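A.B. asks: Here is how the chains run, residue by residue.
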Amino acid sequence: GESVGLHLPTLSVQEGDNSIINCAYSNSASDYFIWYKQESGKGPQFIIDIRSNMDKRQGQRVTVLLNKTVKHLSLQIAATQPGDSAVYFCAEKYDNFNKFYFGSGTKLNVKP
Amino acid sequence: NAGVMQNPRHLVRRRGQEARLRCSPVKGHSHVYWYRQLPEEGLKFMVYLQKENIIDESGMPKERFSAEFPKEGPSILRIQQVVRGDSAAYFCASSPPSGGLGDTEAFFGQGTRLTVV
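Line by line, the protein sequences are chains A and B. Just so we're aligned, residue 1485 is where the first sequence starts under the numbering used here, counting upward by one. Just so we're aligned, residue 4 is where the second sequence starts under the numbering used here, counting upward by one.
By construction, these hints were calculated from the structure, which means they are not laboratory data. In this text the structure is predicted, and so the values were computed from the model without any measurement. Worth double-checking, as some hints may not be accurate.
Stated by the list, open to error - To give an idea of the interface, some chain B residues facing chain A are shown, with a C-beta separation under 7 Å as derived from the structure:
1. Glu44
2. Gly45
3. Phe48
Backbone N, C-alpha and C define an ideal beta-carbon position, used for all residues, glycine too.
Take these sequences, add in the hints, and give me the full structure.
C.D. replies: As structure tokens, then:
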């Protein structure tokens, strides 16, 4: 069953500010995590991933932090832009198949 | 290099009719996953298939739903005798062979939005 949840359903930020989207997961056996971005009417789009043997990974303007002690995942977006407005999902995997379990998502609104 | 292609993008069916949703994975991908998404909710896993095999159907409703991924052609998600509660967006994802490790990104299609009237 689903084991991933998000703390904040909606997040509003000012353009140029940094955004932090949080995710809690309950399965300590989860070994791989992905953040997806979903724009209205579209499918999820890969943003960044992290494996359980890491606690931080950086991409272009995005950083994912993993805290296995408290089973918490976060996505940080630097200098948020209007194009970042979307729903963000974290997804976890904890078996040998590429089957991901998704949380309910956080809607990010970027105000110009 | 085409991504995951789903069709139709929108599908309207009357209660009791059958819905057939198609998914062509990324070229070279042999793993296909179907997810269902209700409005304002996350994606719920339904089924995981490889060519000619159902690997995990733990998320599929026991009745009326079936899926296949034949040797040739797209993966098909079939919903028989649709009811209003089946209205949702259905997403397909594909991934390459993982060699048993499974740590690979899944690429998603644009989804099929099913409306049952």
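A.B. asks: Indicate, hint by hint, whether the structure satisfies it.
C.D. replies: Status of the hints after comparison with the structure:
1. Glu44: holds, 6 Å
2. Gly45: holds, 4 Å
3. Phe48: With a closest approach of 6 Å, the Phe48 (chain B) hint holds.
Of the numbered hints given earlier, the model fails none.
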